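Chains as they are written, first to last, in the numbering used here: chain A, 5 to 607; chain B, 413 to 526; chain C, 29 to 159.
Don't read these hints as lab results, they were simulated from the structure.
The structure presented is a predicted model; accordingly, all values stated were derived computationally and were not measured.
Heads up, the beta-carbon is just placed ideally off N, CA and C, and yes, glycines get one too.
Keep in mind that the hints are not guaranteed to be accurate.
Stated by the list, open to error - Sample of chain C residues with no beta-carbon within 12 Å of chain A, all distances over it, derived: (1) T90; (2) R91; (3) W93; (4) V101; (5) V102; (6) A104; (7) F105; (8) I106; (9) A108; (10) G109; (11) V112; (12) A117; (13) I120; (14) N124; (15) V145; (16) M154.
As the list claims (entries may be wrong) - Below, in silico cross-link-like pairs of lysine to any residue (SDA-like), each with a Cα-Cα straight-line distance of 25 Å or less: (17) K574(A) x P548(A); (18) K71(A) x G149(C); (19) K71(A) x L51(C); (20) K420(B) x K566(A); (21) K71(A) x S86(C); (22) K71(A) x E85(C); (23) K420(B) x F381(A); (24) K566(A) x E488(B).
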Amino acid sequence: MAVGDLLLTGLMAVLLVGIIAALTRIENWRSYTPLAGGGTATGEDGAVLNREKPAGIIRWLTTVDHKDIGLLYGLYAIIAFAVGGIMATLIRVQLVVPGGAILGANAYNSILTSHGITMLFLFGTPIIAAFANYFIPLLIGADDMAFPRINAIAFWLLPPAALLIWAGFFLAPVTENMIEPAQTAWTMYTPLSAEQTNPGVDLMLLGLHLSGVAATMGAINFIATIFTERGDDVNWANLDIFSWTILTQSALILFAFPLLGSALVMLLMDRNLATTFFAVEGGGPLLWQHLFWFFGHPEVYILVLPPMGLVSLILPKFAGRKLFGFKFVVYSTLAIGVLSFGVWAHHMFSTGMDPRLRASFMAVSLAIAIPSAVKTFNWITTMWNGRLRLTSPMLFCIGFVSNFIIGGVTGVFLAAIPVDLVLHDTYYVVGHFHYIVMGAIAFAVFAGIYYWFPVFTGRMYQRTLGKAHFWLSMIGTNITFFAMLALGYLGMPRRYATYEFDGAIAPLAQVSTYHLLATTGAFILLVGQLIFIWNLLQSWLEGPKIEDGDPWNLERDGMLDKEWEWYDRKLETAITDGGEDETESALTDGGVPEGDASRSDDN
Amino acid sequence: MELFGFEKETLLDLTVNVIPLGIILFFIAAFAVVSPFGLDPVFSGLQFSLMISMFLLLAVLTYYAGRAVEDAERAEEEHATLDDPDGATELADDDESTEDDAELGSDDEGLPEA
Amino acid sequence: MEEQPGLSDQYRTASPWPVFVALGLVLSEIGVFIGLFPVAVFGLILFGGSVAGILTESGYVTRPWPTLVGVGVVLAFIAAGLAVAYLPAANIAVANIGNGPVFTRLVAVAVAGIVMVAMGGVGSVMEQTSV
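So here's chain A without its partners, still in its complex pose (with noise of 0.2 Å):
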């Protein structure tokens, strides 16, 4: 033990050694005054502070850029997706057989336990986080973030929270199996969660800690940067539908986020310094779920309120409509933000808790349906008699409706304690919200994605592998989750390993034949997930290069939002090397005839 405290020790004196060389180095670069001369006085302007930026690994290290920030937040999104999809893939391929096919339970249930965090903490979170950096400012006209240095340091306790939510797999060999990842599904329901000595469950609540920390800073930054950066001709009446989405998801962080950090902080406490919070003596296993789910549920519309921001603004522009009842998505979007707070105990109808509290958060929980449906009517009726162009990101938008009608329809059966009393811990769960995490949220993210593509490369994606991807996607996301619909229905439970159970609990061969299709469609997902980033490596590295700021000639509808004009005069200054903001308008207009031309290639 001694041996290692010095190792640690000095690991750590060369680690600060190593950080205050590095600081008196970048010093040198650091003392910099940008603006000096006063000439260019474009501090939005993306080509002309490139070059102020320091160069290299350097640059992405120290950035405070908004932009800059969003991509790194993409990156890391889409590498924890890459993670969380090959563990799914794992699951399924275990699932394959009654008797499991290449996991042992232990490594099963960390893997399942990860792959729920991972999707839900490190790929949903932070790829929402990476389209608001990018375009709230953009489309709100700030020049930054109001806070940009929080914004990174909030970037940057992501990529710890990662390796530490993921550290039993890499401990696990070195160790002997002395630190194992965590079991304890992501739920982390006590006192299995309190019990398991596996020192990485600790380090897993950690992460889950900081990228909890992260989020709430990430969400004071947009709140910030919503009510008081917002340029001069942007106000509450007519501030796009992603902004208010995003303001409204903070504000769920802000009272939903602190609340994990501490409970977790309690766990942590139980584990190790033996406090009682959630023993029987004590507190009860019972607070802990009341406390997670309180975090949980708004976690919930955290996950999807911006993606239906996202879907609310991407789907008019394809369907030549402007979105049919804007002010209702608005205050439909705040109601589900306020009665998201009522509705946590739902996930605990089959606790035993009183039957009259119950009664309340289903009345709750069934209201809150209706901001929901509201939406989905709004999208539905903005596409009627529209000119539709079906585009990759527009064919995500309708997947997303698609996909969302039947992920919410079963939350509504889910919310009638009866029904959830019959259903609870199966499979039908487990499709519910599969449905709305990939179907929707995952969709929408795609959508987002393809749709601001030319915007964040420059360049334009490989449109048949876009609808390669769709249709891969959509059929895929259909057999799985589907099939765990019916999985449910037949009596499956959740989490298991293995299911070679008796006949009597569920029909042997219906199930291992669901199963089956599950897994199937799950490699068909994993396909198009492989095109997809096969399109979005490729396409930025060789893809055509976008000549005119309106690559979807939104023009014509009247649709063009800001960040389309900020990356039109980003091209202009970039052609005419310089040239002053006040021309940008007359050029834009002269562009329209050549856009118009080319839109046929549109999809």
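Got chain A; can you put chains B and C on it based on the hints?
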């Protein structure tokens, strides 16, 4: 028609949140009239306070959001009518007016296709 | 748009500090919660130092040293306060370092605080004598 100081247009927009409010209100009334599990000071208290607090919070937030949006719209209109001769604001106005233009625009769109 | 009052004319798009603030927070959490004494001490020092650095760089304070001393004092007081409030007085002894999960962690926090106070003090004095 003015209710809570809102114009008719805004009131129509706000109806979207009246529906969940109505559902919660319905359940409050229903649970007050029919209580199959009996009344208990702690649990019935919690039951009603959960629903009533959600109702109030949603009502208050909806009110203030409606207020903020309507005030912004009014300021925008005043701005537009005051500086009408100025060409620059006219341009800006085109981008900003949302609802009315959307309906007009969609009608225009429909014609060539039909 | 960019001519906002209050925005420094030295508006930068790069800063070395955020990475280190984040790293400092991560190391302090790991150190304190897992109970790794050296990691806790160095993590907290890195965190306090980076906070002082980032505040100085963004112009909220003119010199980093008072911040460093301040963070150190706060940490030392929190650790001392918790020790006095929650531990029996007999347990608070040098010989007990390494025994008992809570006490060792509090000592780590206190040591980090004291080191920061010392660093801040030395830095401040050196700066004044050299100029």
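To see whether the hints hold, each was checked on the structure:
1. T90: Non-interface label on T90(C) holds, nearest chain A Cβ at 16 Å vs cutoff 12 Å.
2. R91: Correct as stated: the minimum Cβ-Cβ distance to chain A is 16 Å, above 12 Å.
3. W93: The assertion about W93(C) holds, with a minimum of 15 Å to chain A.
4. V101: holds, 21 Å
5. V102: holds, 18 Å
6. A104: holds, 19 Å
7. F105: At about 20 Å from chain A, F105(C) clears the 12 Å cut-off, so the statement holds.
8. I106: holds, 15 Å
9. A108: Non-interface label on A108(C) holds, nearest chain A Cβ at 18 Å vs cutoff 12 Å.
10. G109: holds, 16 Å
11. V112: Holds, because the least Cβ-Cβ distance between V112(C) and chain A comes to about 17 Å, which exceeds 12 Å.
12. A117: holds, 19 Å
13. I120: holds, 17 Å
14. N124: Holds, since 16 Å exceeds 12 Å.
15. V145: Per Cβ check, V145(C) is outside 12 Å of chain A; nearest 17 Å; holds.
16. M154: About 15 Å separates M154(C) from the closest Cβ of chain A, which puts it past 12 Å; holds.
17. K574(A) x P548(A): holds, 17 Å
18. K71(A) x G149(C): violated, 39 Å
19. K71(A) x L51(C): OK: K71(A) and L51(C) at ~22 Å, within 25 Å.
20. K420(B) x K566(A): Violated - the C-alpha atoms of K566(A) and K420(B) are around 30 Å apart, more than 25 Å.
21. K71(A) x S86(C): holds, 20 Å
22. K71(A) x E85(C): Between K71(A) and E85(C) the Cα gap is close to 21 Å, so the pair holds against 25 Å.
23. K420(B) x F381(A): holds, 22 Å
24. K566(A) x E488(B): This hinted pair holds, its Cα atoms lying about 19 Å apart.
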